[in-house]
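Student: Quick mapping for you: the protein sequence lines, in order, are chains P and F. Heads up, the first sequence is in our numbering, so the first residue is 1 and it goes up one at a time. Heads up, the second sequence is in our numbering, so the first residue is 1 and it goes up one at a time.
Bear in mind the hints are in silico, worked out from the structure with no lab data behind them. One should not assume that every hint holds.
[Said to hold, decoys possible] Stretches of chain P that chain F covers, calculated by requiring three or more beta carbons in the stretch to come under 8 Å of a beta carbon on chain F: (1) 142-152; (2) 221-231; (3) 275-285.
[To be verified] Derived list of chain F stretches under chain P, where covered just means 3 residues or more per stretch with a C-beta under 8 Å from a C-beta of chain P: (4) 35-49; (5) 195-207; (6) 239-252.
Ideal placement from N, C-alpha and C gives every residue a C-beta, glycine not left out.
2 protein chains.
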Amino acid sequence: MLLGGIEAGGTKMVLAIGDENGNIFEKATIPTDTPDVSVPKMIEFFQGKGIEALGIGCFGPVDLHKDSPTYGYITTTPKPGWSFYDFAGAFRKALNVPVGFDLDVNAAVLGEVTWGAAKDCGVAIYITIGTGVGVGVSVDGKLLHGLIHPEAGHVILTRHPEDTYKGHCPFHGNCLEGMAAGPAVEERWGKKGVELQDNPKVWEIESYYIAQAITNYILCYSPEKVILWGGVMHQEQMFPLIRKQVQEMLAGYLNSPMITEHIDDYIVAPGLGDEPGIKGALRLAYQELL
Amino acid sequence: MLLGGIEAGGTKMVLAIGDENGNIFEKATIPTDTPDVSVPKMIEFFQGKGIEALGIGCFGPVDLHKDSPTYGYITTTPKPGWSFYDFAGAFRKALNVPVGFDLDVNAAVLGEVTWGAAKDCGVAIYITIGTGVGVGVSVDGKLLHGLIHPEAGHVILTRHPEDTYKGHCPFHGNCLEGMAAGPAVEERWGKKGVELQDNPKVWEIESYYIAQAITNYILCYSPEKVILWGGVMHQEQMFPLIRKQVQEMLAGYLNSPMITEHIDDYIVAPGLGDEPGIKGALRLAYQELL
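Given these sequences and hints, build the entire structure.
Tutor: See the structure below:
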């Protein structure tokens with residue numbers, strides 16, 4: 001069975017032809033321009049390839065309510081041309097196949113639950129920390145939507161005692177995205193993260209915010225696996241700092257060996273490398289067919 | 001069909017005989033003593049009444065993993081006699097009926113989703129703020145468990161700028177339970193909440209913490225309904241303060257009319273009055289029969 005997948009991001013679109021087992025046979029990446037530039041190129045990639053369904057993991061906010069007139073749309077994004085754009089519809093019309101549609105981080109957690117580090121987990125979360133922060137949540141193999149969809153990257157945090165930075169989020173200031181996403185690191189220190197690798201204070205403060213958010217996610221979701229990735233987490237020296245601070249912040253309150261003894265196997269990088277999103281999109285395609 | 005229900009709390013046990021439609025025919029309340037005092041009295045209440053199943057909504061922490069050797073036990077409670085007590089097993093043996101078992105707040109959200117304010121909601125949360133803080137979560141009619149079960153009453157909060165109180169939680173200090181549960185109010189102000197009704201600063205600070213936690217819950221769970229109750233919330237003057245602050249803290253980021261326009265119908269008291277927990281226990285009994 002041939003399936004198509006799209007990982008639609010703010011800066012690039014990853015496209016793939018694969019199958020229901022998560023194998024990828026062909027892959028392409030194009031920069032994200034306005035829809036009238038990007039979408040025809042994306043359609044061209046899939047045309048004539050014989051895919052039976054397409055799955056899209058898309059940057060948000062998106063409308064995931066199947067009974068809504070704007071289901072499958074990107075909604076209130078500031079990104080030029082994409083606000084209230086019928087993303088799923090454009091591909092459904094052009095390719096004439098069923099289209100599965102969900103948030104990018106939801107596709108990523110679905111990929112990880114199906115084939116990756118969270119395989120067989122009842123509750124799993126996928127956190128991506130890059131230019132923004134997103135959290136995807138899977139409960140018994142279903143993706144959490146609810147009223148809109150989780151926006152847990154914007155949880156309000158308490159400040160690090162030595163941090164006077166006002167925060168980068170125009171809505172909340174001291175939310176996780178505002179304090180810890182790539183643009184916040186760059187604005188706080190006046191340099192990009194990759195240029196700050198040798199300054200331990202940078203990563204102490206950064207991991208403090210990430211650990212605090214993960215502590216609250218563990219308390220809220222009770223996940224069996226916490227998957228953590230995104231551009232900022234390529235600074236992998238933060239993983240041990242984050243794990244240690246999560247244990248300190250929980251302070252022994254949650255009495256599970258996964259947290260108290262096996263935290264190295266509890267808060268982890270993706271099992272699918274850089275492909276949880278695109279593989280999750282293939283899974284969305286497969287689920288839409290069923 | 002006759003069903004039994006138990007709402008097992010730290011200070012009292014509510015017992016009921018009812019049916020699969022949430023009707024209650026007989027109800028009793030006994031104080032919570034040690035198991036060897038309380039449990040025989042509870043068994044006596046149900047004996048000879050012809051119930052086909054029993055449901056228990058129990059104070060935590062509890063073991064909800066059906067494949068665990070301590071499934072149905074209360075686990076690490078400081079309450080004398082109840083630590084690692086086989087609560088579900090005691091009633092299964094004595095009454096010889098199927099026993100459904102879950103956390104007290106999970107029973108409450110189940111009651112509300114089945115018959116109350118969250119009827120037909122895909123994602124709903126029930127927050128109780130009393131001597132402790134608990135949060136029950138229902139996703140598509142199933143209760144969220146995961147690794148242990150949510151303990152979202154312990155989420156870490158940022159302090160109110162005028163509040164110097166250290167916090168009552170021995171684990172976390174400035175978590176929701178530590179800053180806003182009944183014992184925290186009493187320790188901060190030197191009086192019980194009921195005696196502080198005329199001091200607006202008390203309820204401004206109290207509602208600040210509750211609103212901050214609810215803001216984070218909304219971002220994490222994307223609930224379609226937020227049900228808020230417990231002894232502290234009998235100070236109903238806090239509902240409008242909390243709703244207003246949640247809107248201010250979200251700052252228009254979540255663009256849903258439920259939040260921006262209809263918040264009076266979004267953050268609400270239970271639809272089942274003081275009975276969501278005991279009615280939810282009847283539902284647990286029914287689900288265990290199926």
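Student: Against chain P, does the region 195-207 of chain F show at least 3 residues with beta-carbon separation below 8 Å?
Tutor: It is violated, with 0 qualifying residues against the three required.
Student: Quick check: the region 142-152 of chain P, covered by chain F? Criterion 3+ residues, Cβ under 8 Å.
Tutor: holds (count 10)
Student: For the region 35-49 of chain F, do at least 3 residues have a Cβ located nearer than 8 Å to some Cβ of chain P?
Tutor: violated (count 0)
Student: For the region 275-285 of chain P, do at least 3 residues have a Cβ located nearer than 8 Å to some Cβ of chain F?
Tutor: Per the Cβ count (0), the hint is violated.
Student: Verify this for me: three or more residues of the region 221-231 of chain P with a beta carbon less than 8 Å from a beta carbon of chain F.
Tutor: It holds: at least three residues are needed, and the region 221-231 of chain P offers 4 whose Cβ sits within less than 8 Å of chain F.
Student: With a C-beta cutoff of 8 Å, work out whether three or more residues of the region 239-252 of chain F approach chain P closely enough for the coverage to hold.
Tutor: holds (count 4)
In terms of the numbered hints stated before, the structure departs from hints 3, 4, 5, listed from lowest to highest.
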